[in-house]
Every structure is written in C-alpha cells, then in structure tokens.
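Asker: Take the sequence shown: its position 125, counted from the start at 1, is 125 in this note's numbering, and no numbers get skipped.
These are computed hints drawn from the structure, not numbers from a lab.
Do not rely on the hints blindly, as some may be mistaken.
To be verified - Computed spacing ranges between beta-carbons, pair by pair:
#1 Ser126 x Leu22: 28 to 36 Å
#2 Phe132 x Asp77: 12 to 20 Å
#3 Val137 x Phe21: 23 to 31 Å
Note that this is a predicted model, so its numbers are computed, not measured.
We put the CB at the ideal spot given by N, CA and C, even for glycine.
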Amino acid sequence: MTEFTPYSALIGGAILGLSGFLLLLLNGRIAGISGIFANLCFNFSKKLNWQICFIIGLIIGPLLTSPFGFSLPQSIDISWPAIIIGGFLVGFGSRMGSGCTSGHGICGIGRLSARSIIATMCFMSSGIITVFVIRHVLGV
C-alpha cells in the first residue's frame, strides 16, 4: 500500500480544477472524460482537434511529471477480465448517468449543478459501499 501524500493530492486537485475551468472558459466545453472519449470514438463528423489534444495530454501527463517525483503504480493486482468488466461497468454508468466523475464531480459541482451534485453523491456512495463490502465483508 502506498503512503498518502496530501501535497500531491492538493496539487493534482488544483491542476484538475484549473484545467476544467480553463476548458469551460476558453472553449465553452465541460471536461468530462467519457464524453470526450466517446466523441473521439463515435462522432467522426465534428472537428476533434481539442479532444485529441486532451486525450494525448492525459496519456503523456504522467511522463511529464515523473522528473518531479510523481509516478504511476508499477503493477496492478487485478486480472485483465476484472479490468475489462470494470471498464464496461464504468462506461455503462457514465452513459446512464449522463456523464462521468470528472464531468459531474469536477465541472458540474463547480457550476453548482444540482444534477451533478446528486450524481457525485451517488457514485461516491457506491464506491464507498463497494470498498467496504470487498474489504470488510468479503475479506479480499
């Protein structure tokens, strides 16, 4: 288990908030990752330059921050089938909830959207319950 470092969480949160604010201010768009990715996959008729740059930034971000001591986990202790099933469930939930955690949790709450506040409360509650059941009920 890795050690919690509040400074890196604070810096990351500030960068996420600033980037979401700048995307809304400069482009009039919400920084919802699931919507941006879905547009790249399924909406070929639109101009997608900013979406492509956004996804590339998500991919190269960890590489750019690694010289400053930030890193991603080197291994994941979950099987590929579990990762794939989890990905499908997240995608389904994002479609069903009309957005993902970044769209609702970062941008929606920042805009004081009642729908986003309720959606964030739902997915945070679901996550807390899931972790409790997996760790304390099932003992995994």
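Asker: Now look at each hint and say whether the structure bears it out.
Answerer: Cross-check of the supplied hints:
1. Between serine 126 and leucine 22, the C-beta spacing of about 30 Å keeps the proposed range 28 to 36 Å intact.
2. Separation of phenylalanine 132 from aspartate 77 is about 19 Å and conforms to the stated range, judged on CB atoms against 12 to 20 Å.
3. Our hint of 23 to 31 Å for valine 137 and phenylalanine 21 is violated, since their Cβ atoms are close to 40 Å apart.
The structure does not agree with numbered hint 3 stated previously, though it agrees with all others.
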